[in-house]
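Enquirer: So you can see what is in the structure, the chains are spelled out below.
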Amino acid sequence: MAEERKRVSRSNIYAPTNLAELLSLYSKLPSALIYNGGTHILREQPRKYVQLPANVINVHRVQELGKITRTERHLDIGAAVPIGRILEVGSNVVPQALQQALSSIGTPAVRNWATLGGNLCIPDRRMSTFAVYLLLDIQVELRKVGSARWIPLNRFAAPDRKIDLQRGEVLTRIRIPFATWDLQVYQKMDRELQDPNNFLSFCGLARVQRDVITDIRFACATSGTTVVRSREVETELVGRRVPVAPRELATIHELLDGLLAGLSDRLSGFQVGRIQSIFRWFLGRLSPE
Amino acid sequence: MNINFSLNGKNVSVDVEPEKRMVDVLRENFQLTRTKAGCYAGACGVCSVLAGGRLACSCLMPAFTARGAEIVTIEGYSRSREYADILKAFLEAEYYPCEYCSAGRILAIEALLTEHPDPSESEILTGMSGITCQCANYTSLVKAVEIAAFARKMRRRGRRT
Numbered sequence: 001m002a003e004e005r006k007r008v009s010r011s012n013i014y015a016p017t018n019l020a021e022l023l024s025l026y027s028k029l030p031s032a033l034i035y036n037g038g039t040h041i042l043r044e045q046p047r048k049y050v051q052l053p054a055n056v057i058n059v060h061r062v063q064e065l066g067k068i069t070r071t072e073r074h075l076d077i078g079a080a081v082p083i084g085r086i087l088e089v090g091s092n093v094v095p096q097a098l099q100q101a102l103s104s105i106g107t108p109a110v111r112n113w114a115t116l117g118g119n120l121c122i123p124d125r126r127m128s129t130f131a132v133y134l135l136l137d138i139q140v141e142l143r144k145v146g147s148a149r150w151i152p153l154n155r156f157a158a159p160d161r162k163i164d165l166q167r168g169e170v171l172t173r174i175r176i177p178f179a180t181w182d183l184q185v186y187q188k189m190d191r192e193l194q195d196p197n198n199f200l201s202f203c204g205l206a207r208v209q210r211d212v213i214t215d216i217r218f219a220c221a222t223s224g225t226t227v228v229r230s231r232e233v234e235t236e237l238v239g240r241r242v243p244v245a246p247r248e249l250a251t252i253h254e255l256l257d258g259l260l261a262g263l264s265d266r267l268s269g270f271q272v273g274r275i276q277s278i279f280r281w282f283l284g285r286l287s288p289e
Numbered sequence: 001m002n003i004n005f006s007l008n009g010k011n012v013s014v015d016v017e018p019e020k021r022m023v024d025v026l027r028e029n030f031q032l033t034r035t036k037a038g039c040y041a042g043a044c045g046v047c048s049v050l051a052g053g054r055l056a057c058s059c060l061m062p063a064f065t066a067r068g069a070e071i072v073t074i075e076g077y078s079r080s081r082e083y084a085d086i087l088k089a090f091l092e093a094e095y096y097p098c099e100y101c102s103a104g105r106i107l108a109i110e111a112l113l114t115e116h117p118d119p120s121e122s123e124i125l126t127g128m129s130g131i132t133c134q135c136a137n138y139t140s141l142v143k144a145v146e147i148a149a150f151a152r153k154m155r156r157r158g159r160r161t
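If you're matching them up, the sequences are chains H and R in order. Taking this note's numbering, the leading residue of the first sequence gets 1, the next gets one more, and so forth. Taking this note's numbering, the leading residue of the second sequence gets 1, the next gets one more, and so forth.
Isolated chain R (complex conformation) (with noise of 0.2 Å):
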């Protein structure tokens, strides 16, 4: 089945079964090996991408129900600004997750802040409630993903931070 959609602000097009989970299609299709595959459930979180701006589990999501969609993994993502005060945040707050969460837990910050811009501490333990490695500490989480909101309340505002 011939799918095109759109990965990461290009149009693409490609020859896969419908029944292949969109996961395996990025990394094995496209090579976009900073999203993991994990539980195939939903459950972990690793596979996490952006579908039509909103957070989606790229495993459970068959390769036809991509026709059509904006999808964006962490590869496209960390080609914007905001990519790089998570980054910093992370820094600033001393939260190192692993490797093998990072791309889910970034993009969980992204869709987080992009429906609550300034979050209390239950709405990010609630955001981030869907990527469930223990790798790094929630204290430093929660503090992190306020810097990156602050952050990003001052890029709005045209301020440097």
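In isolation and in its complexed conformation, chain H is listed as follows (with noise of 0.2 Å):
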């Protein structure tokens, strides 16, 4: 107790109303910490006081980081935006995909707190939802005082590196383009934070017009930075008839096969057997229409 009542926090904390006066802020003290749901960074500290850099800037009351706004083609999305908020938008408008991807995020009142913006900006982890984010093509908007860009996510948060911020730059808004897919399927396997060597997720999409593949993409992501897609496996399955035939099926598997021998040193044989095992099980769930 005595320890306790001797404690002085460190931290400075910051709490912009808006998106000038967050930039502004950023680019004074680009080493301060973007803080708004902050449920992954308390997660990863269990104990009774959370320790936080000398600066935190508080975004929960930064109005444009709060806002979902959609036009014909795209959402766009605040970076601020609660998980369970964007859920509540529905299906009609959020891909199945990442519906289902986001409804596997935490518990319900993690996933009031936990946002999208925070899920992105983990540099070292590219987290549960990350394959399904790369096969819809999202893209993110990064702004700094006088600057904006819109770049990808595969530039932004490329396999096997860390996240693509430059200083003083704030991602603001997530962009999810609209796109039909005749089959989506989300798969994820094992608690990525308690057994992170097995942990896997799965995301595939496939597009299907009389009977053949006319588009189809697939990722697994584990719970680093490694994530497995074979665009030359996808171009492969392109304009091949549903079900694909066994034949067929041998010369994909083994490309397959070739693709992640590459990774061994990235997967662990169990995680290599499971991506192929849900490869196999998402190309039988294409069926004729």
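I should point out that these hints are in silico values taken from the structure, not numbers from a laboratory. In this text, a Cβ means the ideal position worked out from N, Cα and C, and glycines have one as well. Treat each hint with caution, since some may be false.
Now the stretches of chain H that chain R is said to cover, found in silico as 3 or more residues with beta-carbon under 8 Å [as the list claims (entries may be wrong)]:
{"no.": "1", "segment": "48-60"}
{"no.": "2", "segment": "109-116"}
{"no.": "3", "segment": "199-208"}
Listing some non-contacts, in silico: residues in chain H with all C-beta distances to chain R over 12 Å [what the hints assert, rightly or not]:
{"no.": "4", "residue": "K67"}
{"no.": "5", "residue": "G84"}
{"no.": "6", "residue": "E88"}
{"no.": "7", "residue": "V145"}
{"no.": "8", "residue": "R161"}
{"no.": "9", "residue": "G224"}
{"no.": "10", "residue": "T251"}
{"no.": "11", "residue": "I278"}
{"no.": "12", "residue": "S287"}
Build the complex: two chains, separate frames, hints provided.
Expert: Shown next as structure tokens:
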């Protein structure tokens, strides 16, 4: 108790109310922690007092970051919109695979506070929803004083690399393009924080016209920064009739096995087996119209 | 750091370190001890409170995030008619949660019924999935939530159940 009484806080908390104020403040304090839901930061520190850096910018009241806007072609989600609110928007607006992925994050109470921006800005992890973001061609808006840029997610958070945020730059919006998919699947295997060595998330999207695959994408993400996606396998599948013939399947599985063999230093044998099985399951779900 | 917020309908002010978790602020600074401290990782749900009407794990809220917020704990909620409905539903469904998780469960039911006034079984199970205490069975929990939902609906229609 005595130790607790002596405790002196070393953090300065700032609470800007609009984007201009936030960007100006962050340009002066580029090492500050941008804080909103805080679910990941606090979950990583299961102790009585949270360790915070010297400067914390709480963006909870920045109105621009809490908006959802919809156009004919895409959905723009503010980086500080809670995941629970995105789910409330409904499945007729949010793509089904994304809806499933977001529903699988934490508990309802955690989803009420966790945000998409926070989910994307964890530097050393790609989290369970990354595979879906990647396949949906999500773009992110990054802003700093005097500049704004939209970049695709695979450039912002390239596999096996830390996220691409410049000094004083803040992730402000996430753009989800609308596209029609005949099949959207999402699976999460094991819990990413409890069992990181076995954890995998899988997303598969496909378009089938007159029993022919016209577009197909699939990706697996681990609890680190490794993401498995093979454009070669995807291209190989486009133009094939569904259900894919067993002989053709064997060729495709060989291609996938070759890719996985190259990632043996980053994937456990168990994860490799899981990717092979779930890919098989995904192809098996492609059926004639 | 001085933090002003609304707690159970009253405006309060407290001088705490911004790094202190809300669950400890509630328990130590306000003696609201029916909100329990559990895992400090948002996994067990026993520290649940309503913040701005939304269910929140108070262990995942550093004190500074409460500034200007409206926080309702089980002590504040227990003054409402809806609380009485939920307790009655527990008895009727023979659902007896332990003292450790009951506050979290009741507030999770409140949040669930606010969002889904007539919840399906799967919505109930999803809504209650944040409280991981294994003290009571889920069949009677589902029944209890359905009874509480019905009681609330009847109350809103101005009838007696």
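Enquirer: All hints are to be evaluated individually against the structure, with a verdict given for each.
Expert: Hints and how they fare:
1. With 8 residues carrying a beta carbon less than 8 Å from a beta carbon of chain R, the segment 48-60 of chain H meets the three-residue requirement, and the given coverage holds.
2. Judged by the Cβ-Cβ criterion of 8 Å, the segment 109-116 of chain H is covered by chain R as claimed, because 4 of its residues qualify and three suffice.
3. Residue count for the segment 199-208 of chain H with a Cβ under 8 Å from a Cβ of chain R: 0. That is fewer than the three needed, and the coverage hint is violated.
4. With a cut of 12 Å on Cβ distances, H:K67 stays outside the contact zone with chain R, its closest approach being about 17 Å.
5. Taking the minimum C-beta to C-beta distance to chain R, about 7 Å, the non-interface status of H:G84 is violated against the 12 Å cut.
6. At the 12 Å boundary, the C-beta of H:E88 falls inside the reach of chain R, the nearest C-beta of that chain being 8 Å off.
7. For H:V145, the condition that its CB be more than 12 Å from all CB atoms of chain R holds, with the nearest at approximately 25 Å.
8. For H:R161, the non-interface assignment is confirmed: its Cβ lies about 28 Å from the closest Cβ of chain R, beyond the 12 Å cut-off.
9. The beta carbon of H:G224 is kept farther than 12 Å from every beta carbon of chain R, the shortest such distance being approximately 20 Å.
10. The beta carbon of H:T251 is kept farther than 12 Å from every beta carbon of chain R, the shortest such distance being approximately 40 Å.
11. The claim that H:I278 is not at the interface with chain R holds, since no C-beta of that chain comes within 12 Å of its own (minimum 23 Å).
12. With a minimum CB-CB distance of about 26 Å to chain R, H:S287 clears the 12 Å threshold, and the non-interface call stands.
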